[in-house]
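Peer 1: Spelled out from the first residue to the last, the chains are:
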Amino acid sequence: MAASTHTPSTSAPATISLKIEFGGGLELLFGGARSHQVRIPAFVPLNNSTASASPAVIASFSSTTETPTSPTTLAASTTPTSPTTPITPATLVDTISGSRLKDHDGDKRTKAADVEYLIHYMRDWMLTERPELFMEAGTVRPGILVLINDTDWELEGEGECALKDGDEIVFISTLHGG
Amino acid sequence: MAPRPCALCQKAKAMVKRPKTGQQICRDCFFYVFETEVHNTIIQSKLFSPGDRVAIGASGGKDSTVLAYVMKTLNERYQYGLELFLLSIDEGITGYRDDSLETVKRNQQQYDMPLKILSYNELYGWTMDAIVSQVGRKNNCTFCGVFRRQALDRGAAMLNVDHIVTGHNADDIAETVLMNIMRGDIARLGRCTSICTQGEDTICRSKPFKYAYEKEIVMYAYFKKLDYFSTECIYSPDAYRGHARAFLKDLEAARPSAIIDIIHSGEAFEIKEEIKATQKVQQTCQRCGYMSSNALCKACTLLEGLERGMANSGITDRVRKKMEAEGPAPENLRNIPFFTQASGSPAIAVSVALDAT
Ligand SMILES: [Zn+2]
Ligand SMILES: [Zn+2]
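Respectively, the protein sequence lines represent chains A and B. Numbering (full-length UniProt numbering) for the first sequence: 1 to 178. Numbering (full-length UniProt numbering) for the second sequence: 1 to 357.
Derived by calculation from the structure, the hints in this document are not laboratory data. Quick reminder that beta carbons are idealized off the backbone N, C-alpha and C, glycines included. Treat the hints with care, as some may be off.
Said to hold, decoys possible - Computed spacing ranges between beta-carbons, pair by pair:
1) Thr73(B) to Asn149(A): 25 to 35 angstroms
2) Thr21(B) to Ser52(A): 52 to 62 angstroms
3) Gly157(A) to Tyr32(B): 24 to 34 angstroms
4) Thr284(B) to Asn149(A): 35 to 45 angstroms
5) Gly166(A) to Ser133(B): 27 to 37 angstroms
Stated by the list, open to error - Derived DSS-like pairs (lysine-lysine); straight-line CA-CA distance at most 25 angstroms:
6) Lys13(B) to Lys46(B)
7) Lys11(B) to Lys46(B)
8) Lys164(A) to Lys72(B)
9) Lys224(B) to Lys105(B)
10) Lys111(A) to Lys19(A)
11) Lys19(A) to Lys224(B)
12) Lys224(B) to Lys20(B)
13) Lys111(A) to Lys164(A)
14) Lys225(B) to Lys20(B)
15) Lys72(B) to Lys19(A)
16) Lys19(A) to Lys225(B)
17) Lys224(B) to Lys11(B)
To be verified - Computed, partial: chain B to chain A, Cβ under 10 angstroms:
18) Leu8
19) Lys11
20) Ala14
21) Met15
22) Arg27
23) Asp28
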């Protein structure tokens, strides 16, 4: 799926397309869909604020083989929804520093999109219930395994792993029954 | 980040970081070390003898699915000479157990093992759905735990097996150690860490995954694309265990060896003789023949409470006293079929094992 859908453009902000898969029951926090295709900016705020990102879940599938049934949001939607509509309340707290995030317009520093940003993005724009079961202290909750292109994220720098177009990220809960 | 080579073969790309050792290894080496460690556990603990009939307690979840796969693999690779069966208990929970049993039925095909399903309804005349509708969601885990334990033993007796293996992993055992310490249940500490438990007249139960980390079991299932079911039981999950689990995961995040350390500390507790003496002597239940520390086993007590509509008032001791106060059990009370233990001679035809449904 490499660069086929990615049209190089100098005017529009560059985005990357990612495939997200859930396992071990974690999909239940994300509307029950096991497979999601999302598009996020290639460069993102250093403080992981997702306020300026528009929800760009291209499609969600309940299984990897299924055809898309109900795309939650269309890609490149013309009118970005207000960032305060999903779960995340207006009181965003930077869980790493513990301080309140500055207004996203105030801090213009950016970084290449990484897994840490993706986790914040997923919480703010994709999660449908109980964010505390997904995220804790700025990262995924202990007991959730993350694989980046089938490699244990502990070998890829965890949250600091930079993402590129076409990457596949798998989140598996180990906390559900044996 | 530049791909690192595997610490074992030095060739392939490392894909897993082992929680126990921090070693970074490739997929094939991971399969090999995971399977070999389980094999070493089996050999060092002398779990089986050639010709043993072994039932794998199968729930359709990750642990028992991986256990069935690994037991089959090791039995063939090292010629253990075991006859393997899948044994599932159907608690009768609509939307949960019925779905996970579908997974077990697929495992039966995939692993080519005979499957026996024993239901609460068949054994006790009550499904968990019916129990919950009478007792509510607060105490239902007590019923389920007592009924499951006896059902597994009885299913194993029907299969005439020598041994039941369950998918309890290192995380589960560490969690149980923590819970027993927090409850002050020192008598149970020793038993919960032992790899194999055998009651007076029960079939041996053991845990070949005693030293296998949950992370590795889940990684193994993921890389092998094993078919497992993962949904929490719809009835009130054990909240106490849930907290112990979250605590353990936090400890593990800070220090991965915490899980093995806790198991070792559980093993290190020695039970003094006087404490052992206060543990009750095993006898058999006068109503159903199952082993029991009282005249009536826990399952019969709970069942009588259900049948007499008194299960709400509490659990076991209190219920028993109340029922005794109200006079003897009515004649028409539903009973659990009398338990006859497997004693060398197959009491029940082996063909029940080939439950093809
Ligand atoms: Zn290797
Ligand atoms: Zn009994």
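Peer 1: All the hints need checking, so say for each whether the structure fits it.
Peer 2: Hints and how they fare:
At about 27 angstroms, the CB distance of Thr73(B) to Asn149(A) agrees with the hint of 25 to 35 angstroms. Hint check: Thr21(B) to Ser52(A), Cβ distance near 43 angstroms, so the stated range 52 to 62 angstroms is violated. For the pair Gly157(A) and Tyr32(B), the beta carbons lie near 26 angstroms from each other, so the given range of 24 to 34 angstroms is met. With their beta carbons about 58 angstroms apart, Thr284(B) and Asn149(A) fall outside the hinted range of 35 to 45 angstroms.
Checked against the hint of 27 to 37 angstroms, the C-beta distance between Gly166(A) and Ser133(B) comes to roughly 51 angstroms, which is inconsistent with it. For the hint pairing Lys13(B) with Lys46(B), the CA-to-CA distance comes to about 35 angstroms; that exceeds 25 angstroms, so the pair is violated. For the hint linking Lys11(B) to Lys46(B), the alpha-carbon distance of about 35 angstroms lies beyond 25 angstroms, and the restraint is violated. As the CA atoms of Lys164(A) and Lys72(B) are separated by approximately 40 angstroms, the hinted pair breaks the 25 angstroms bound.
Annotation: proposed proximity of Lys224(B) to Lys105(B) holds, straight-line Cα distance about 18 angstroms (limit 25 angstroms). With a CA separation close to 21 angstroms, the supplied pair Lys111(A) and Lys19(A) stays within the 25 angstroms bound. Simply put, Lys19(A) and Lys224(B) have alpha-carbon atoms about 20 angstroms apart, close enough for the 25 angstroms limit, and the pair holds. With a C-alpha separation of about 21 angstroms, the suggested pairing of Lys224(B) with Lys20(B) holds against the 25 angstroms cut-off.
Among the hinted pairs, Lys111(A) with Lys164(A) is consistent with the structure: their alpha-carbon atoms are about 13 angstroms apart, no more than 25 angstroms. A hinted pair counts as satisfied when its Cα atoms are at most 25 angstroms apart, and Lys225(B) with Lys20(B) qualifies at roughly 23 angstroms. The suggested pairing of Lys72(B) with Lys19(A) is violated, with an alpha-carbon distance near 34 angstroms, which exceeds 25 angstroms. For the proposed pair Lys19(A) and Lys225(B), the alpha carbon gap of about 18 angstroms is at most 25 angstroms, so the pair holds.
At most 25 angstroms may separate the alpha-carbon atoms for a hinted pair to count; Lys224(B) and Lys11(B) meet this at roughly 20 angstroms. Residue-level restraint check for Leu8(B) is violated (minimum Cβ-Cβ distance to chain A is 14 angstroms; threshold 10 angstroms). With a least beta-carbon distance of about 16 angstroms to chain A, the hint placing Lys11(B) at the interface is violated under the 10 angstroms criterion. With a least beta-carbon distance of about 6 angstroms to chain A, the hint placing Ala14(B) at the interface is held under the 10 angstroms criterion.
Look at Met15(B): its Cβ gets to within about 5 angstroms of chain A, closer than 10 angstroms, so that hint holds up. Below 10 angstroms, beta-carbon pairs count as interface contacts, and Arg27(B) has one with chain A at about 8 angstroms; its hint therefore holds. A cut of 10 angstroms between beta carbons decides the hint on Asp28(B): the least distance to chain A is about 13 angstroms, and the hint is violated.
The earlier numbered hints that this structure contradicts are 2, 4, 5, 6, 7, 8, 15, 18, 19, 23.
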